[in-house]
Amino acid sequence: MICCKECLDLLYDYIEGSLDQETTDSLEEHFQECPPCISFMKTYKSTTTICRDTLNQVDVPDAVREALLKVLKENKEHPGEN
Amino acid sequence: MSFTQPKENKILEEALVRQFQGGDLEAYDKIAEIYQKKIYGLSFNLTRNQMDAQDVTQEVLLTLFRKIHTFQGKSAFSSWVYRITLNASYMKLRSKKKEPNVSIDELMPSYNGAGFQQEKIQDWSENTESLLFTNETRDVINKAIELLPEKEKVVFLLRDVEGLSTEKAGEILDLTVPAVKSRLHRARLFLRKKLSSYFEEFSSRKVEE
Ligand SMILES: [Zn+2]
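Sequence lines, in order, name chains D and U.
Positions in the first sequence are counted from 1; adding 13 to them yields my numbering.
Positions in the second sequence are counted from 1; adding 15 to them yields my numbering.
Chain D on its own, in the form it takes in the complex (with noise of 0.2 Å):
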């Protein structure tokens, strides 16, 4: 079997899908007699999710928003003034 070492290195490549179906049946294995590796595979890919829908919320505030249309207007009409 292999160890849990070894299976945090598969892990990228596991979540993408890019692992061979022998190297990815060995680590099913480990997962089976390795809860604690479950939970780390699961956390792993929760951290990818939830610290993108959080920082997917940027938004660009309407103030900014409008002070850069005010820029871009005046440089079209006046290239290279500002």
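Do not rely on the hints blindly, as some may be mistaken.
Derived SDA-like pairs (lysine to any residue); straight-line CA-CA distance at most 25 Å [as the list claims (entries may be wrong)]: (1) K86/D - G37/U; (2) K168/U - E29/D; (3) K52/U - L81/D; (4) K208/U - L24/D; (5) K196/U - I51/D; (6) K25/U - Q73/U; (7) K135/U - K86/D; (8) K18/D - L199/U; (9) K25/U - A42/U; (10) K82/U - L85/D; (11) K55/D - T149/U; (12) K107/U - L85/D; (13) K83/D - K135/U.
By construction, these hints were calculated from the structure, which means they are not laboratory data.
Following the hints, put chain U with the ligand in place on chain D, whose structure we already have.
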């Protein structure tokens, strides 16, 4: 939401770029509209500062206007925009004193001699839902990302937050695919560790209540 581009968008975008290169200012407006949120979001996540992100966005949009003739289409237009955005954001960061980063190695998982887990691992992945959009959780996540060393942070932002492919992130950062993967993996491990402390503490708090 992910910014992986469907093919039609890419074709539309290439057409807009060509129109703008040919002098069509309306095409420029459309390009600016498409990219404004991406530029602002990425620079805000890097600088964590609204003024800086605004400056960067303005600078990048003006650069697109002035330098469009230098874009030769050897790489994707979006890669070019991301690269200009990163450079402008780094200029902002460099002009500021920064707190030293924590060592990322200290937060990597540890194993016993036989390569087996040593720490107790809690599965908090099912319990994040109710916590996800509280201010406290948001702060913890933002703080954790802020603590990431820059090399890992930028890979994490492009790949996991913006949703770009490994190849594309490599093209933008001038890194090989294995280098992108290894930095991304380290970033995720670091963040997982940081978030674990928080979510585990939170569930023990709940038990006490
Ligand atoms: Zn294990």
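For this session: May I ask which of the numbered hints given earlier this structure violates, with the numbers listed in increasing order?
Result: 7 and 13
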